[in-house]
Amino acid sequence: DSGVTQTPKHLITATGQRVTLRCSPRSGDLSVYWYQQSLDQGLQFLIQYYNGEERAKGNILERFSAQQFPDLHSELNLSSLELGDSALYFCASSVGAGKNEQFFGPGTRLTVL
Amino acid sequence: KNEVEQSPQNLTAQEGEFITINCSYSVGISALHWLQQHPGGGIVSLFMLSSGKKKHGRLIATINIQEKHSSLHITASHPRDSAVYICAALVTDKLIFGTGTRLQVFP
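Chains as they are written, first to last, in our numbering: chain A, 1221 to 1333; chain B, -4 to 102.
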């Protein structure tokens, strides 16, 4: 158990819908990262927050957005869902930003029908 | 060409064998991560290194910054080591992932 929690574990929804994925980092960690793992593209970095502020952005679509709240938990919002958004979404956390070991949550499996 | 390349893509071994997985990268990095992903999907961080060598139990990771190459070694492999091993380069706060090496260890 990494200490990072993600909810829900599984999510099935339809195209065009909007969903919210939630992540709680390890106690004391200030950074939260979001990753997408799809069959055709592998693992990709989406976005990083550090202590409430966006710190780094990767291949995140405009239909996706994230935020980190004052209690340091984070949410990833996915809207206007498409079939291709079906993937495993991982959250990870680390103590600081940059060169720190990252601890991964169990992931949320999103299926868009 | 991917910025992070792993080889081999698939690896089969008999229990007890010495395993080596290679990772090459073409970008400047501040660190390199080795991750393990089990069949259920969970990801575990094995190592983060920026120079030299690290050892944890039967796992050893090395990195050569000049050659832009890292290796993950598993000594005395065991069926429970069966998983996908992923290297990831840390490039200015972003992790760039290799495509993974699927390892199967048979008794």
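Just so you know, not all the hints are guaranteed correct.
Stated by the list, open to error - List of simulated lysine-lysine pairs, DSSO-like, C-alpha gap at most 30 Å:
1. B:K50 - B:K89
2. B:K49 - A:K1229
3. B:K49 - A:K1319
4. A:K1319 - B:K50
5. B:K63 - A:K1229
6. A:K1229 - A:K1319
7. B:K50 - B:K63
8. B:K89 - A:K1277
9. A:K1229 - B:K89
Please keep in mind that the hints were generated in silico from the structure rather than gathered at the bench.
Pair hint K1319 of chain A and K50 of chain B, alpha-carbon separation not exceeding 30 Å = holds, 19 Å
key: Pair hint outcome, K50 of chain B versus K89 of chain B [Cα-Cα no greater than 30 Å]   = holds, 25 Å
ask   = K1229 of chain A and K89 of chain B: Cα distance at most 30 Å?
value = Roughly 25 Å separates the two Cα atoms, so the pair holds.
ask   = Quick one, are K49 of chain B and K1319 of chain A close enough, alpha carbons at most 30 Å?
value = This hinted pair holds, its Cα atoms lying about 16 Å apart.
request  = Mind checking the alpha carbons of K63 of chain B and K1229 of chain A for me, to see if they're no more than 30 Å apart?
outcome  = Violated, at roughly 37 Å.
ask   = Are the Cα atoms of K50 of chain B and K63 of chain B separated by 30 Å or less?
value = OK: K50 of chain B and K63 of chain B at ~20 Å, within 30 Å.
query = Taken at face value, is the distance from the CA of K1277 of chain A to the CA of K89 of chain B at most 30 Å?
reply = holds, 8 Å
query = Given the hint that K1229 of chain A pairs with K1319 of chain A, does the C-alpha gap stay at or below 30 Å?
reply = Given pair K1229 of chain A, K1319 of chain A holds - Cα atoms ~28 Å apart, limit 30 Å.
task = Starting from K49 of chain B, check that the Cα of K1229 of chain A is at most 30 Å away, please.
result = Violated - the C-alpha atoms of K1229 of chain A and K49 of chain B are around 33 Å apart, more than 30 Å.
Violated hints, in rising order: 2 and 5; the structure is consistent with all others.
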